[in-house]
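Asker: What follows is the residue order along each chain.
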Amino acid sequence: MDCNQVFVSKVKRLIVVFTLLIAFLSIKIDTFAQVDSAVVPVDSVVAGSAEAVSGEHGAAKHGEEKFEPTKVIMEHIADSHMWHLWGHTSLPLPVILYTANGLEVFSSGNFHHGEHDYNGKYNNYRLEEDHIKVVGADGKIDEEASKSVLDFSITKNVAAMFVAIFVILVIFISVAASYRKRVGKAPKGLQSFMEPIIVFVRDDIAKPNIGHKYAKFMPYLLTTFFFILFNNLFGLIPIFPGGANVTGNIALTFVMALGTLIIVNINGNKYYWKHIFKPDVPFWLYPIMIPVELIGIISKPFALMVRLFANITAGHIIVLSLISLIFIFETLAIAPVSVAFVLFMDVLELLVAFLQAFIFTLLTALFIGMAVEEHH
Amino acid sequence: MELVTPSIGLVFWTSIAFILLLLLLRKFAWKPILGAIHEREQSIDEALNKAELAKQEMARLTSQNQDLMQQARAERDEILKEAKTLKDGILNEAKKQAQVEGAKLIEKAKIEIENQKKAALAEVKDQVSSLSLEIAERVLRTQLDDKAKQETLVANLLKDVELN
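Those protein sequence lines, which keep their order, are chains C and B. With my numbering, the residue at position 86 of the first sequence is 79, and numbering never jumps. With my numbering, the residue at position 94 of the second sequence is 102, and numbering never jumps.
Among the hints, erroneous ones may be present.
Partial list, derived from the structure: chain C residues whose beta carbon lies under 10 Å from chain B [said to hold, decoys possible]: (1) Ile161; (2) Arg195; (3) Val299; (4) Phe347.
It is worth saying that the hints were derived from the structure and are not from the lab. Where is the CB? At the ideal position from N, CA and C, for every residue including glycine.
Only chain B is shown next, with the shape it has when bound in the complex (with noise of 0.2 Å):
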């Protein structure tokens, strides 16, 4: 039965440690410590919200960057065919040109040869027709000295002439 009875002093010691350490643990231990739990906790789930934020805005970047990569190939191929297109234009511009160009200088040289020829050809008749008129002046004056000697000079001036 002393078992199961309690003693007045331990209830009243128990009773006034008890309250006691409750004063004294609430104001130093587990004010301090419940609120830095607390604090902590917050925090984490802060740094996780941000992080979670964070691999979204990387997510949404990483698109932008490769859709604008795709742009800026898209792009270049555009602007390189249209450059291929531009430099078959203008080579086959030029050779359609040059060809031009070169038919005209033929065509010209062509002209020029002909004409020097005739100016040639012209220039034989005049130096035949002169040599003519001299053999016939020769002629003329060797027949008026002696018979003999202007048939002689006839005949060695047309020997000349054919030789010539």
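Isolated chain C (complex conformation) (with noise of 0.2 Å):
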């Protein structure tokens, strides 16, 4: 009976899945038609000159502007000097450069979302595609003292990091608080929602994969977890204290896989150092073993930094695809279907949001107690 049961469940949810399809097919069947005159002049402007940039620039003052997908999505996924709010309404962000002459703090409203030059102390900027560049005497972009300025702005991801940061701060020392008030009892509220994650994290990763010596590497790894998990669910609140791509920023990746690096690589005990350098291997395979091993050392945080940023990215590129069907087809009967299939990669999202924090505390933890542990 029970089997019977899930089984026609499971042709009910086919039957959805293949009518929205459908849905979906046909009308993009309607709409191509429509579509295939504008399809050339967008290819025209995608190949088109400056001037034709320029002239759209033109056309866009009169709200005729054309929609680029690729664009579009781009400029979502990218980090921004602004965090908007809505409509035309942008939170402006501190700018702060590093430039040979000291350093220059101003407010990113001063560039009017790109459209004025702010004169600094030391240097003319101009905001273009979100890249603060340094205008020469001559009003034309200064390429090379562009290079010589360093961005070290509160940007868009980083701010939403700090808001991140906060909430886990709160989170995690009030659950803190609680346990020095409810010493020996069972947990209550916020605790008992967080404790199985932790302990989760205890038993689960770092216990299996490092072994007896698992406590020395608890707060790097909780921290990793919690950090990537809030930042991958900030990450898919599509307003305001949300918003920003922060774990699928490759910079943040970047720093991740470098703690890890450096954690694993400074624990590493003699065993972890002889099995790179003084492998079982005839030693005339030396010339190829050690290099390889070498490789490995980096090659192991870097599978870990494009991971999280591939798969939070790409989980971003497709929603905002999918948004970006109302607007390519221009017509509303798209929307319930595209609402729908973001609905979906949403929830796909939030078990990614899970999934990736934990494959890359459960990666560090396997790397860290591969450096640790002991051959008899």
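Since each chain sits alone in its own frame, please combine them into the complex, following the hints.
Answerer: Shown next, in the form of structure tokens:
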């Protein structure tokens, strides 16, 4: 009986998905004819010269901007000097520039969404495609000078990361306080929500992979896990306190992977280094083995970096692409389909948010375990 | 390409923020939380062990109690049996003694009765002899006065004797 019910529900689900697919395809075919003629101009614009782009800028001022999904999606994925709130309202963020002459600190609101240049203490700056460039005396961008200016601004990603860190700190310090208050009692509220996750990290990630020396690495593993998890989850919120693609930014995953690289190699014992520099192979294989092992040191955290970055960015790109369908087809009829698929993707992303935090922590624990393992 | 080029600003801020987060959480969150969880796990383990011990103790006590009960019951049975035999003995003894005593009393009574009977007979014999003597005396006296009278007297006396 039970098997039968499962089968029936699965069939129902399949029917729903299939219907959605049919609807999606039929609307696509319907609109294809209409869009067909419009595709050519889009292509010409994309392949067009600088004049075409400037011409389009002119068109944009008349509110007839051509929709370019790639540009829009890349803008949403990338970092920004402003935090978009709604409509034409954005939260200006502080700009911090390190120039050869000294630090420059000013608000990104001075750029007025890139329409104005800002006259700083040492240089004139212009915001172009969310990059701060130095403007030369002739009014054109000075690429040489731009390269020498280092951008340490509090960008959207940095601000979103600070928000996530603040939330993490508030949650876990309050959880720690309730542990102090309720000594020896059963957990309650937020404490009982977080405790299984903490115990999971300890018992299913740290203990099996690292062994009896796990306690030393628990703070790093827990911090990594919750830092990635909270940033992933904040990245899923489309509006203000979230909306930044923090964990889908290669800079952040680079720092996280670098942390793992450092922790693993600092704690590597003599067996770990012997395995790299004096592996148990005939000596004439050393010229191959040693470089391979050395590459292995780098490639493991590199894989961590790319995995997290690619998973989160890919999820964001898919969601944005599905939303973009509405604007590509220029019809509201596609909206229910888009929303249905976005809903599906969001739920999937929720899973991915946990999964990627788990995998990053698990692999970090595994690499630490390999480095501290005792051979007999 | 821009997508996969880490920007220096974000690398800088992430490093600082992550290290700070790690230090703060380690001091203010992970240490107390992990310590408390570990402590609680230990106390739960201890409590379970204690409960196991208590269970064993209980089982031991129960079996001991049962043993005691059985022993007590056996003892009680023993005492009852002894009492019964004792009672029976006493009863039998008493019965025997009573019978013996009774027999003795009966014997004594018989002897007494016999004695009494003998004494009574002896008295009767005495009275008969004294009466005979008296009669003989009176007969002798009347014989001496008048012959006729003496004869009638003797005849009357003899009548009286016969009536007696």
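Asker: Take the hints in turn and mark each one as holding or not.
Answerer: How the hints compare with the structure:
Annotation: C/Ile161 was flagged as interfacial toward chain B, and the flag holds, the nearest CB pair being 7 Å apart, inside 10 Å. At its closest, the beta carbon of C/Arg195 sits 7 Å from a beta carbon of chain B; the interface hint therefore holds under the 10 Å criterion. Nearest Cβ of chain B to the Cβ of C/Val299: about 8 Å, under the 10 Å cut. The hint holds. Because the beta carbon of C/Phe347 sits about 19 Å from the nearest beta carbon in chain B, more than 10 Å, this interface hint is broken.
Hint 4 from the earlier list is the only one contradicted by this structure; the remaining hints agree with it.
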